[in-house]
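Chemist: Single-letter residue listing:
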Amino acid sequence: MIRTAPRRLVDYAPIAWPALMLVLFFVLPFGLMLAVSFFRRVPGGFYQPDFVLANYARFLTAFFGNVLGFSLGLALLVAVIAVALAFPFTYLLSRMRRRQQVPWLVFLLAVLSLSEVIIGFSWSTLLSRTAGVTNLLVLIGLMDQPVSLSPGFGAVLTGMTYQAFPYAVLVLYPSLSRLDPTLTEAARTLGASPLRSFFTVVVPALRNAILATVIMVFVFALGSYLLPQLLGRPQQWTLSVLITDQAIYQSNMPFAAAMAVFLVLVSLALVVLSTLLGQKEGRT
Amino acid sequence: MKTTIGRRGFLAASGAAVAALGLPHIAKAQAKSLKIGVYGGYFKDSFDKHIFPEFTKASGIAVESIAEPTGAAWLVQLEQAARARQAPADVSMIAQTSMLKGMTVDLWAPLDLKKIPHAEAVLPHLVNKYPDGRIAGVGAVSWYITLVSNTKVFPAAPTSWAEMWDAKLKNQLGLLALVNNSFLLEVTAATFFGGTKVLDTDEGILKVMAKLAELKPNVKLWYRDEAQFEQALKAGEIPMGQYYHDVTSLAAGDGQPVRSTFPKEGGINDAGSWAVSKASTALDAAQVFIDYMSQPKIQALLSRKVGTSPTIPRKLTDLTDAEFAAVSSEIPPIIPRYDLYQAKEDWLAQKWTELIVG
Chain A
49 MIRTAPRRLV
59 DYAPIAWPAL
69 MLVLFFVLPF
79 GLMLAVSFFR
89 RVPGGFYQPD
99 FVLANYARFL
109 TAFFGNVLGF
119 SLGLALLVAV
129 IAVALAFPFT
139 YLLSRMRRRQ
149 QVPWLVFLLA
159 VLSLSEVIIG
169 FSWSTLLSRT
179 AGVTNLLVLI
189 GLMDQPVSLS
199 PGFGAVLTGM
209 TYQAFPYAVL
219 VLYPSLSRLD
229 PTLTEAARTL
239 GASPLRSFFT
249 VVVPALRNAI
259 LATVIMVFVF
269 ALGSYLLPQL
279 LGRPQQWTLS
289 VLITDQAIYQ
299 SNMPFAAAMA
309 VFLVLVSLAL
319 VVLSTLLGQK
329 EGRT
Chain B
11 MKTTIGRRGF
21 LAASGAAVAA
31 LGLPHIAKAQ
41 AKSLKIGVYG
51 GYFKDSFDKH
61 IFPEFTKASG
71 IAVESIAEPT
81 GAAWLVQLEQ
91 AARARQAPAD
101 VSMIAQTSML
111 KGMTVDLWAP
121 LDLKKIPHAE
131 AVLPHLVNKY
141 PDGRIAGVGA
151 VSWYITLVSN
161 TKVFPAAPTS
171 WAEMWDAKLK
181 NQLGLLALVN
191 NSFLLEVTAA
201 TFFGGTKVLD
211 TDEGILKVMA
221 KLAELKPNVK
231 LWYRDEAQFE
241 QALKAGEIPM
251 GQYYHDVTSL
261 AAGDGQPVRS
271 TFPKEGGIND
281 AGSWAVSKAS
291 TALDAAQVFI
301 DYMSQPKIQA
311 LLSRKVGTSP
321 TIPRKLTDLT
331 DAEFAAVSSE
341 IPPIIPRYDL
351 YQAKEDWLAQ
361 KWTELIVG
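If you read the sequences in order, they're chains A and B.
First residue of the first sequence? That's 49 in my numbering, and the numbers climb one at a time after it.
First residue of the second sequence? That's 11 in my numbering, and the numbers climb one at a time after it.
It should be emphasised that the hints constitute simulated quantities derived from the structure, not laboratory data.
Among these hints, one or two may not hold up.
Said to hold, decoys possible - Some chain B residues near chain A, calculated using beta-carbon distances under 7 angstroms:
id: 1; residue: A83
id: 2; residue: G265
id: 3; residue: E364
id: 4; residue: L365
For glycine and all other residues, C-beta sits at the position ideal for the given N, C-alpha and C.
Work the whole structure out from these sequences, hints included.
Modeler: Written out as structure tokens, the structure reads:
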């Protein structure tokens with residue numbers, strides 16, 4: 049392959065299409081949202097074009113700070129758990145024969161096709177007192193009587209991790225299946241146990257892929273607004289739930305937009321920060 | 011790849027564009043079809059089955075029913091569309107808080123009551139008027155939110171909203187999650203403060219909220235999605251709460267172990283109005299429809315088939331005592347303080363969220 053730095057305008061042509069799509073589907077909508085976030089709210093009505101900071105001022109309170117902190121923490125926890133589960137799973141998957149891998153991948157894609165609504169309702173039934181999993185535990189004598197596990201923090205965490213797991217697997221899969229098998233073979237020849245070679249060779253070799261997946265799942269989980277409201281108590285409502293409330297039920301678009309802009313900026317900052325940290329560690 | 015547009019292609023495209031631009035005028039000239047927005051799901055199904063075919067037969071106007079979401083979502087869509095001179099529905103069923111909001115931006119086309127003679131019988135508080143007297147909407151249906159319970163878990167029916175505060179009910183209630191759809195401030199005020207007048211002042215509202223906060227340990231689910239609570243109520247997972255009288259009665263009729271009770275303080279009486287988007291080009295047909303819907307026999311039909319309460323005095327309808335009792339009650343209802351949600355919307359929403367999240 050010949051690689052030369054682009055010199056003429058025409059050399060940039062191949063990226064014109066993706067750039068156009070990015071402008072059309074990300075930059076423009078985000079710009080609109082940014083504009084609306086400075087509009088003036090008309091109480092009891094809608095909003096008017098203006099340039100006011102009131103929407104941001106309203107957000108800067110301890111109440112919303114707590115909600116934002118909880119949302120970020122929850123998304124991070126979901127990301128870490130999902131990747132912790134998905135990484136060994138994907139590693140084993142990538143060591144399987146191709147013929148065995150396909151059904152697993154199809155199954156994961158099928159889970160991805162489920163809507164958030166279906167996932168939420170299914171988990172609320174699975175975790176219910178009347179029809180849930182605890183009935184099975186009672187049946188085999190592990191519990192005295194069935195209990196209700198939803199709504200609550202555990203239910204939200206379970207539902208969101210379930211939803212994030214297939215994404216994590218599919219993002220990890222390419223790098224794990226490209227991992228040079230001679231690396232682990234060398235470790236094994238030198239006397240490392242399978243578990244030891246997994247943790248001392250496979251995990252460090254794919255540190256960047258793991259970090260990238262955590263970031264992706266984190267961003268994905270941050271936008272979840274249905275599962276926290278279907279499986280959680282008000283204390284577990286994330287900022288996305290409150291944004292939905294403002295946009296749909298209060299028709300307060302400027303405030304909803306301001307909160308959304310804030311959420312995007314904070315998550316972008318976190319992503320940039322973690323990539324920088326990852327690069328720094330990578331160089332030493 | 012060659013991307014120049016040929017002469018033939020250009021002609022075809024401009025022909026299509028001209029046709030598209032011309033279409034509204036054709037539609038206006040005919041005005042023999044009407045897009046009607048009603049709440050999606052059970053409501054729309056009932057209207058599609060029992061109401062719209064009969065209306066088309068009587069008037070010759072074809073109906074395209076549109077499923078509208080509850081809450082302000084539909085209002086926002088209608089308003090955005092009207093700015094672009096589009097009407098996703100010509101006439102829609104709109105709840106009272108949304109009616110008021112739409113009026114602030116003149117979203118609703120003024121109606122001519124001369125063309126809606128049957129609206130004369132509609133209860134005065136269900137005819138929405140602009141401050142200058144123009145008519146913005148006419149009451150479509152009225153419904154109740156009541157105290158519902160699972161008959162297996164609670165063999166005896168509750169009698170008062172106050173029972174929701176009983177410490178025995180820890181973690182057993184399902185309540186609506188938002189201040190402007192649960193109307194729990196009004197319920198608390200009517201139950202413990204002798205009426206909704208206490209809500210006139212901010213201090214009064216905060217006092218009512220403090221009383222409401224005592225209820226929090228009993229609430230297992232604050233729901234936005236009706237299906238979620240309905241299912242939990244039927245299963246006995248969440249055996250008590252507030253819910254719609256019509257749907258609960260229907261479920262009870264299907265043999266589900268649920269009941270709807272009008273507490274002694276009254277059920278919450280809310281209503282939807284027919285309103286026409288100002289972007290609609292079918293105002294005349296819409297008024298024919300609103301007139302048709304206001305007839306006593308149609309109001310009675312709605313009570314029997316959809317389970318809603320009439321928007322005209324009961325004595326004009328041929329509903330029997332039993333039929334009327336199934337959709338309403340003699341106990342004076344709790345009327346939501348729509349004025350508050352208009353005047354103090356954002357403050358109320360903020361205090362409410364802090365109340366239930368905190």
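Chemist: Hint by hint, note whether the structure agrees.
Modeler: Results of checking the hints against the structure:
1. For B:A83, the interface hint holds, the least distance from its beta-carbon to any beta-carbon of chain A being 5 angstroms, beneath 7 angstroms.
2. For B:G265, the interface hint is violated, since its Cβ never comes within 7 angstroms of a Cβ in chain A; the closest pair sits about 17 angstroms apart.
3. This hint holds: B:E364 has a C-beta 6 angstroms from the nearest C-beta of chain A, less than the 7 angstroms allowed.
4. Using the Cβ-Cβ criterion of 7 angstroms, the hint placing B:L365 at the interface with chain A is not satisfied: the shortest such distance is roughly 9 angstroms.
Checked against the numbered hints above, the structure violates hints 2, 4; every other hint is satisfied.
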